[in-house]
Amino acid sequence: MCGVFILFLVLVAVFADPLSHLIGWGPTQQDRATGTTADGLPVGPGRIHLLGADQLGRDVLVRLIYGARVSLVVGVSAAVAAVLIGVIIGLCAGFLGPAVDSVLARLMDVVLAFPFLLFAIALVTVVGPSEPLEIAVIAFFSWAAVGRIVRGQTLAIREREYVEAARSLGAGNLRIMVVDVLPNLIAPVLVYVTLLIPISIVFEATLSFLGVGIIPPTPSWGNMLDDAQQGGLYQVAWWFLTFPAAALVLTTLAFNLLGDSVRDALDPRTERLFAK
Amino acid sequence: MTALPHGTSPAAAATAAAAAAPASTDDDDALLTLDDVVKHFPIRRGVVIKSEVGQVRAVDGVSLTVRRGETLGLVGETGCGKSTLARCMTRLYPLTSGRITFDGRDISRLSPRAMRPYRRQMQMIFQDPYGSLNPHRRIGSIIGDPFAIHGVADGPERKRKVQELMELVGLNPEHFNRFPSDFSGGQRQRIGVARALALRPKLIVCDEPVSALDVSIQAQIINLLQTLQSELGLTYVFIAHDLSVVEHVSDRVAVMYLGKIVEIAERAALYGTPRHPYTAALLSAASVADPDRAAVRQRIVLHGDVPSPIDPPSGCRFHPRCPKAQEICSRVQPDLVPVLADLPTHVTACHFPMADGEKLGTAPVEPADDRPPGTGVW
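Residue numbers (our numbering), protein chains in the order written: chain A, 2 to 277; chain B, 766 to 1143.
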């Protein structure tokens, strides 16, 4: 069920261009003739704009579709980047002994102690907002949590007898980390990736909402919500608050449910239960 | 050559051995020599600043020799340091102090990199057939690990060698694509044996290889190990707490108590005429299959628990529990020396070794002079 929704979302994001042609509006195209009513308010859902128009007469559906693209690209790449960094640093911290561990574990503590939003706003103010920067900011604040999980798992695995057996065979640290420890981390890491994607999507929306993420007029769900709450427009034009919010909630929910089923599928305990 | 009596200079020991036996039995007969090997684990406490508050003296001065082609049994209670000693022998643990000579070369201070060529020649078989195989890897790749690590064989050649090994240890070579969870405990231990054999090592340290197995499976694995020994000319260090298993497989047996070797002898001598009271007590506690022997044997029940290796007793470590303890036992640590001058292979670390046929008294021994009556543990 959640898988179907995510697949649908991915397809929509991939085929955003043909879809917008089909609908007949571009993501930043203003419909000056019919997009707003005579007294300047956006038109509601109807035949011309399926999900209504926003205050500048732009089509909400098309903007939602392009917003899905931003959310998925930023969410997935930030989550993957965070997991890559987290796995490498967590693995080194857990495996390479107390000296390396104390340095890397403190580093993770420091990162987790940073105030996320303040830092992000300050950084964007200095560097200027952009999509790669947004990905980097989200990844930077997410990897430490992954690192902690991986470190804990690695600390447990390195005491296993098969690691000792590999040592007695003459295997070096790198080989043991890659061949013996990493495969045991795949399940928890995969679960964490699927749970990190919705978190990153929400992060992205938060940053865009605050104006430090995706730069308007490029649509993202976060800056659409920002548009909607500006001047209290949502009070008369409910559609351009409701639809982006619903998209965000449904996407987050779908990825969370996917994470749960991935965990169920990969957990060796449930695996054994199914085997018997 | 014979086991080095603890505290005796190697030159003197060599002279003694040369006097007792023909010159052929000398240093090149020794594959592995441990000389006063010590392994202490620090105990650290503290919230912010960790400080060392003590040490677990897991192995505290062990000297012994493993000869080529023999099986040296190593017995002792749980927690006496057998497994730690095994991991010291194979340099899985760094030594606190002492010297290990393998095949004539000192390996006790080698870096992991410098140790690699020696890893090919000494292997371990582990106790837990479930824990010693990575559950996420196929057994073909587990058994092929030694080849991959040492870059010996690749691709189809490695597969062929892995299948040969599987056949050698009695596994179906067709099963190389299965996971460890598809095998029973005994089969898994065979996988462990195959992995240990892959590089044709000279020495295999077996750390309780059968303790986790059913008795019927134990026999299969032991027979396999013995067959392989005669076919491949292997040398074993065989660690177990089961005395009858050790009696079955060993040429010589070393008895360990609280981090120290208390007695080493040829198997028959050790089981027939134990010289150390601890050995005698250990043997009397073992189950005997022969009802005639079981009927006449005398059970020696030791009082008290094994003392903590963090704070071992002074002098002879066995003295608080020893029925023969005298005043000197709590003061002076006995050396590992031959009991009888004409039998230099049977050494024991006891001030009052047992005579032939001596029974350990069930009545309390006279308390030593400096101990008030009634405080003796016996």
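Treat the hints as calculated values from the structure; they're not laboratory data. The beta carbon of each residue, even a glycine, is placed where N, CA and C say it ideally should be. Treat the hints with care, as some may be off.
[What the hints assert, rightly or not] A few chain A residues that face chain B, going by a derived Cβ cut-off under 10 Å, partial list only:
{"no.": "1", "residue": "48"}
{"no.": "2", "residue": "126"}
{"no.": "3", "residue": "130"}
[As the list claims (entries may be wrong)] Derived, one-sided and incomplete: chain B residues facing chain A with beta-carbon distance under 8 Å:
{"no.": "4", "residue": "820"}
{"no.": "5", "residue": "821"}
{"no.": "6", "residue": "903"}
[Unchecked claim] From the derived model, a few chain B residues whose C-beta atoms are all more than 12 Å from chain A:
{"no.": "7", "residue": "815"}
{"no.": "8", "residue": "868"}
{"no.": "9", "residue": "873"}
{"no.": "10", "residue": "881"}
{"no.": "11", "residue": "893"}
{"no.": "12", "residue": "910"}
{"no.": "13", "residue": "938"}
{"no.": "14", "residue": "939"}
{"no.": "15", "residue": "942"}
{"no.": "16", "residue": "945"}
{"no.": "17", "residue": "948"}
{"no.": "18", "residue": "964"}
{"no.": "19", "residue": "980"}
{"no.": "20", "residue": "1012"}
{"no.": "21", "residue": "1078"}
Structure-based check of each hint:
Violation of the interface hint for residue 48/A is found here, the shortest Cβ-Cβ separation to chain B being roughly 57 Å, above the 10 Å cut-off. Hint status for residue 126/A: violated, given a least beta-carbon distance of 38 Å to chain B, over 10 Å. For residue 130/A, the interface hint is violated, since its Cβ never comes within 10 Å of a Cβ in chain B; the closest pair sits about 42 Å apart. The criterion of a C-beta within 8 Å of any C-beta in chain A is not met by residue 820/B, whose closest approach is roughly 17 Å, and the hint is violated.
For the restraint placing residue 821/B at the interface with chain A, the shortest Cβ-Cβ distance is roughly 16 Å, beyond the 8 Å limit, so the hint is violated. For the restraint placing residue 903/B at the interface with chain A, the shortest Cβ-Cβ distance is roughly 11 Å, beyond the 8 Å limit, so the hint is violated. With a closest Cβ-Cβ approach of about 10 Å to chain A, residue 815/B is found to fall inside the 12 Å limit, against its non-interface label. No Cβ of chain A approaches the Cβ of residue 868/B within 12 Å, the least distance being about 16 Å, so the stated non-interface status holds.
For residue 873/B, the requirement that its beta carbon stay farther than 12 Å from each beta carbon of chain A is met, with the minimum near 16 Å. Distance to chain A contradicts residue 881/B as a non-interface residue, since its nearest Cβ pair spans about 5 Å, not more than 12 Å. Taking the minimum C-beta to C-beta distance to chain A, about 5 Å, the non-interface status of residue 893/B is violated against the 12 Å cut. Under the 12 Å C-beta cut-off, the non-interface status given to residue 910/B relative to chain A is violated; the minimum distance is some 6 Å.
For residue 938/B, the condition that its CB be more than 12 Å from all CB atoms of chain A holds, with the nearest at approximately 21 Å. No Cβ of chain A comes within 12 Å of the Cβ of residue 939/B; the nearest lies about 22 Å off, and the non-interface call holds. Distance to chain A confirms residue 942/B as a non-interface residue, since its nearest Cβ pair spans about 16 Å, more than 12 Å. The claim that residue 945/B is not at the interface with chain A is violated, since a C-beta of that chain comes within 12 Å of its own (minimum 9 Å).
Distance check on residue 948/B: its Cβ is at least 14 Å (rounded) from any Cβ of chain A, clearing the 12 Å threshold; non-interface status holds. Against chain A, the non-interface label of residue 964/B is violated: not every CB pair exceeds 12 Å, the least being about 8 Å. No beta-carbon of chain A comes within 12 Å of the beta-carbon of residue 980/B; the shortest separation is about 22 Å. A cut-off of 12 Å between C-beta atoms confirms that residue 1012/B is not in contact with chain A; the least separation is 27 Å.
Every CB of chain A is more than 12 Å from the CB of residue 1078/B (nearest about 31 Å), matching its label as outside the interface.
In this structure, the earlier hints numbered 1, 2, 3, 4, 5, 6, 7, 10, 11, 12, 16, 18 are contradicted, and the remaining ones agree with it.
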